[in-house]
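Required output: the full structure, derived from the provided sequences and hints.
Just so you know, the sequences run in chain order A and B.
The opening position of the first sequence corresponds to residue -12 in this note's numbering, with each subsequent residue numbered one higher.
The opening position of the second sequence corresponds to residue 6 in this note's numbering, with each subsequent residue numbered one higher.
It cannot be assumed that every hint is accurate.
Stated by the list, open to error - Pulled a few chain A residues facing chain B out of the computed Cβ check, cut under 8 Å:
hint, residue
1, D11
2, W86
3, L87
4, G95
5, V108
6, V263
7, V267
8, V273
9, G276
10, V283
Unchecked claim - Have a look at the derived ranges for each label pair, beta carbon to beta carbon:
hint, chain 1, residue 1, chain 2, residue 2, range
11, A, F118, B, Y220, 26 to 36 Å
12, A, W161, B, R99, 40 to 50 Å
13, B, L285, A, V116, 20 to 30 Å
14, B, R63, A, D179, 47 to 57 Å
15, A, D130, B, Y220, 39 to 49 Å
16, A, D176, B, L65, 46 to 56 Å
17, A, A226, B, L65, 31 to 41 Å
18, A, D179, B, L281, 38 to 48 Å
Bear in mind the hints are in silico, worked out from the structure with no lab data behind them.
The model shown is predicted, which means the values in this text are computed figures rather than measured ones.
Heads up, the beta-carbon is just placed ideally off N, CA and C, and yes, glycines get one too.
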Amino acid sequence: MRTLALLVAIFAALAVLPIGLRSDFWLNAVMLALFSALIGQSWNIAGGYAGQFSFGHALFFGLGGYAVAVLQVHLGINPWLGMAVGGALGAGAGAALGWLTFRYGLRGSYFALVTLAFAEVFRILANSVPFTGAGEGILIPLDPHPAMLQFRALSGYYWLLLGLTFACFLTVWWLERSRLGAQMQAVRDNEDAAAAVGVDAFTVKLKAMALSGLFMGLAGVFYTQRYLYLDPGLAFGPAQSVEALLVAIVGGIGTLFGPLLGAFALHLLAEAAQGVLGDVPGANMVIYGTVLVAMVLFLPRGLTSLRQGGRRRRRRRTKDA
Amino acid sequence: MPDMTILWPAILNGVTTGALYALIALGLTLIYGVLHIINFAHGALLMVGLYAVYFLWRFLGLDPYVSLLIVPPAMFALGYALQRGLITRAAHGRDENILLVTLGLSIILENLALMAFSSDTRTVDTAYGFSTLDVLGAFVPLPKVVAFGGAVATALALWVFMARTDLGRAIRAVAKERKGAQLVGIDVNHVYAMSFGIGVGVLGIAACLLMPSYYVTPTVGHGFVLIAFTIVVLGGMGSFVGALIGGIIIGVVEALGGLFLGESLGQIGIFVIFILILLLRPQGLLGRAQ
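Encoded structure:
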């Protein structure tokens, strides 16, 4: 219960932030970090808890984004409904991708490569078919009403994002205490042993991918409504996939607060670097890459491992065994 | 169905491009076959090689083919140092860590290049850049013919090296049975670093052969990296002949896909092959089942 109280307290504090904060610049900065936390936590469900390292989470992100945009622009379907479709599409794609790859027993590096290739296939498709607007991208007409999932004030988007992120974190909190979560971690630590004691590893991994895809799809919906624009590179390019796994790894994979910690740490670092170096193109990414390499070298369990409680150490021991 | 006057040049173009793809994939397949790791930074390292060839031409006036004497050895040294200094240390016994470290390395290299050289597209001008050769009625650019020959020669040389030299035997021993190799006195860490170095050195050869008919930008490696993975998987991880055949197949598929489906959608054939092979025959065409 203490974990839940802490989680609620953090999000409550974040919820009142726009009331105290007058500057849109800082609110936007917090939003970018929150968005990273959302996609990082989505990735964390499959990558951290179930041990399935995906390099192509942009697939779910792009599907969600294109769902809300295409339904709205071409069929006039309300974006709130589009959001539901986008989330469902993300979850469905996660399950479908899992079904395809796990059925053939693909693990580890092979799984990472297949996810990457699928994202790339969809990038090419989105670039080639007419209803996505192809390479020029798709523009959503400006209509700033909450009923159209558009907001006049930045705080509207902020609270929408905060709500989605809270839902995602709450799901992971539940997962940590649930049977499914325990099964996912068992599969991650030793799939054969988990199967030997009766865990249906295939179904467990499928559920993890579906949950992961659901929140990644919702993140895509949010992104598209926030900027009212999407193109194939933004949707299915490697940037979102890399950011998602990066914040989870920096924060600590397989932990509830890891992605939140990782997201704020990385964005703080990026802001600071921009302050020092100015707007040099590429400088941000050099720092991200360096942080990634340094984390894997020196702190492979992430920032949260710096204060290890007994619970974590126990889990680690069973993992090493 | 277009007739042979259109089909033949497309196939020929596919074969020559495919041989270059194969050259890039050779290093990747060697690294995978021995170290059993997937080098995600392969595309970024190719980019480094291409910039080296470009600047040698730009400031010293060296022909890209003359750079064959400089760039591959330098790339070999870089690869050896990377493996010994970084990749081994980061592994902590997990494959995923190596994927992540090489991913991080590629992000760093690409964006350093962006900071230092900007995103401008750079090309070299050579006297022979636009010469063509008549192959049974189709005109093929001369640099592509040279690259084709270079790729075949490199694959053969690697094959002979692995079969006939002491180091080649040591590499094969380590690839098969690491502990056993260590027990008979092979320096495993050295062999690992040599394999990685040779893999990256072959990228240097690819860069020299590619530059006369291509260009360099900080993200030039992106286009090659998934293609190279596809070839490695298609040919069977660790197989040189497989990589050569796989590369040519992929080149032809890409050329014909472009002809029938258009430039953008044509690329999809490559990834469909990639996904199908990974799902249905992950050991590849010439690989043995594990």
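**Item:** Violated constraints from the hint list, given by number and in increasing order
**Value:** Hints 1, 2, 6, 12 and 18 contradicted; others consistent.
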